[in-house]
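Peer 1: Read off the chains here:
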Amino acid sequence: MQETIINTVHLALRLTIPFLLISLGGLFCLKTGVFNLALDGFALFGCFTSVAGTYYTGSVLGGVLFAGITTSLLALIFAVFVLELKVDAIVCSLAMILICTGITRYLLSAVLKSNGRFVLESSLALKPIDIPFLENIPIVGQALNNLTPLAYIAFLLVPVIHIILYKTKFGFQMRVVGLNEQAAEATGVNIKRVRYIGLIIGGFICGLAGAQLALSINMFNVGMSDGRGFTAFVILVMADSRPVPALLASLMFGGSEAAILKLSGYGINAQILAIIPYLLAFAVAILPLASKHMAIQIKRHFAARTYIAPIEKLPGDE
Amino acid sequence: MRPLVEMKGITKEFTSVVANDGVDFELFSGEVHSLVGENGAGKTTLMRILYGQYEPDEGEILIDGNEVRYNIHGAIKHGIAMVHQNFMQVEELSILENVILANMDTRAGFILRKKAETRVNELLVRFGVNAKPETIVAHLSVGERQWIEIIKAVYVGARILILDEPTAVLTPQETDKLFAIIAELKKDGTSIVFISHKLREVVAISDRVSVMRKGKMTGTFDSGNFTETDIACAMIGKQKVQLIQNNSDFSIGEEAVCEASGLWYFDDEALPVVRDFSFSIHKGEILGIGGVEGNGQSELVDLLFGMKKPSGGSIRFMGTDITDASISECRNAGIGIIPDDRIRVGLSIPSTLDENLICGIEENGKFNHNGLLRLNSIREYANELVDTFDIRGVAEDHQIAGMSGGNLQKIILAREISRGPKLLIAAQPTRGLDIGAINFVREQLLHQKEMGTAILLITADLEELLSLSDRILIMYEGGCTGEVSDVASATEGSLGLLMGGIKISEVGQGA
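Protein chains in written order, with my numbering: chain F, 1 to 318; chain Z, 1 to 511.
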């Protein structure tokens, strides 16, 4: 029983990492007010360049860094289009997603001379690391152990980004640019600079997400980001682009995917269960609005009772 | 004495409009220098250039005698601060965060919060703002937010403070407080540029006054050498143009056109934005609703033509209950509306003149045949209205995007008046217009009054309120603080007290 719990939690954490990394990358774009919907494209691009980088450098670390840097460059191109040429961010995002799908498919055959997929030697996989002291903590520690280095980096990034956003000058400027561009400009904040830096950091982290996805199974598959970038976007909307809530939302999506995998092992129909994350996303998007609307109606009703009713009882009396 | 700031031959052109045309401006240390002129005269543009927000196309700026070029960041370093007309504040953040935004002490990139908090607290106490540094700006009143803007400037150590129409959102009493603060800053050696078009205020506080007109500097007056009339003449270009007044010769009918009783409206926070507001308006009457903006006027307008549903109370129009009527029901019953935001609510800017003019009456058989628009008769109708309402600058293709505010307002007037309304709601109808256009709008409103239309005039401009209204109600925090039936003997001062929430019984019936 304990074994099953540990396994399930471990699986949930593994499935959480790509969501978490992509949403932390996207956070740097959304927080500065750039509506970057192309996260899925960025992650897919990172998947490809990490595999290509590992193949050519013969080193996993080389592949991971290559993915980060190339995806940063891709984000830089996006930034130039949106910030300099004033292309609408949504239009530009859609173009980016299409380009990423096409270019990874093309480079796969042109550079890696392969179609559909490219498999690296298993020695070039991003391997889980064994941390002995975690193994000694029952359940929690055991579930946390044996994740990839990128997974631990992802978890560490959550407090780091929180501190950057709320304690440092740059984070403060990022928040202000996202909240009120004009106010930021009028007080002398260099909006473009903040957004360039935000997008480039965001691209780097999305690249890491791609590396985690591809290198942990040491292969590249066409379209392997599989819409995770869009889920990450939903996570950011739910979390209002804040790092700690983004971690919690990512855990929810990772957890529900893990539940599907585990339960289908017991013969429960996984196809139906696969709807769960999407229902959750839908609920998360709709429920706050619906409940806010209801709360307003209820508050109005009570306000009418406190303000209007006493006056109507005593006409002409203030 | 050498001026602290010299701006020489400043020229700034925006697409097809020359906002500043070879303007010279000087500012001495420790003086209050007012910059006056009509809307669109180029005052704000000139000051945004001084603040580094715009780069001049031509001309140079000298500070302490040295020629300088800078952006906003550089301007702050030179000790220049600007309080914009629409506050540049991040509403979601605290006072502290807003104040330190332009200038924060950091160590290794980390903000030193404690130190800043102490200083901001001192400044809040000094300027008499009853709030803590961590109070969220959205929770402050408009007046308080004005003090926060000034605290921002003092915090960065500004020696040149530009105030762009700071009194537009203040009550006369708050304005007095602002003037006291200005005097105090001046004593500390701060130079102040005061942009306004309220001549009385300008005369009261300025050491010097510069007047701008159509992008040019038309004159600078030294203290003691000018009167309101001198400045007014320079502002409008020497000829005396009188604003049209309501001379109340036309009889006001007995019959109530619209009656609202005990109207309430709660906003999304369930706060009463309109509270227990009642009025009745008669045939041929102009009922003025005054008050500082944001005291429920725009919500009241929305309630009257069905845009919002009242949380309590009822509205009767021509004897029928329209409390729950839809917008089109209200309009078809004979309510016309000139919204306060002509760009976003009044018109559809990307649409053509023709489309804007028939909007709402497109079902009419004259314009529509079995669902197809009769484009020729629509164009004819539009051309007719263009002539009647003297709409100028109509493009060949009837696009309205490039038209001036005055002509856009004429399109709205044309549409609303041609429907023959029984009640015309005019919200801030002359805001941002030049004197010619203001007079045109006023003429049309008075003409409608003569025809027997009831006019509900909502305006934040006291002069307009007093010049046009037959009767005045003042709104304060959603309620009515007083009714003034004898408009002729009312003064701006007495209305000012009502606008500040002091009820008429407390002032005495002298109003």
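Please note that a few of the clues may not be correct.
Stated by the list, open to error - Among the chain F residues that face chain Z by a calculated CB cut under 10 Å, a handful are:
{"id": "1", "residue": "Phe172"}
{"id": "2", "residue": "Asp226"}
{"id": "3", "residue": "Gly227"}
{"id": "4", "residue": "Ala303"}
{"id": "5", "residue": "Ile308"}
Simulated from the structure, these hints should not be mistaken for lab results. Please read all numbers here as calculations on a predicted model, not as lab measurements. Where is the CB? At the ideal position from N, CA and C, for every residue including glycine.
Peer 1: Hint by hint, where does the structure go against what was stated? Just the numbers, ascending.
Peer 2: Violated hints: 2, 3; rest satisfied.
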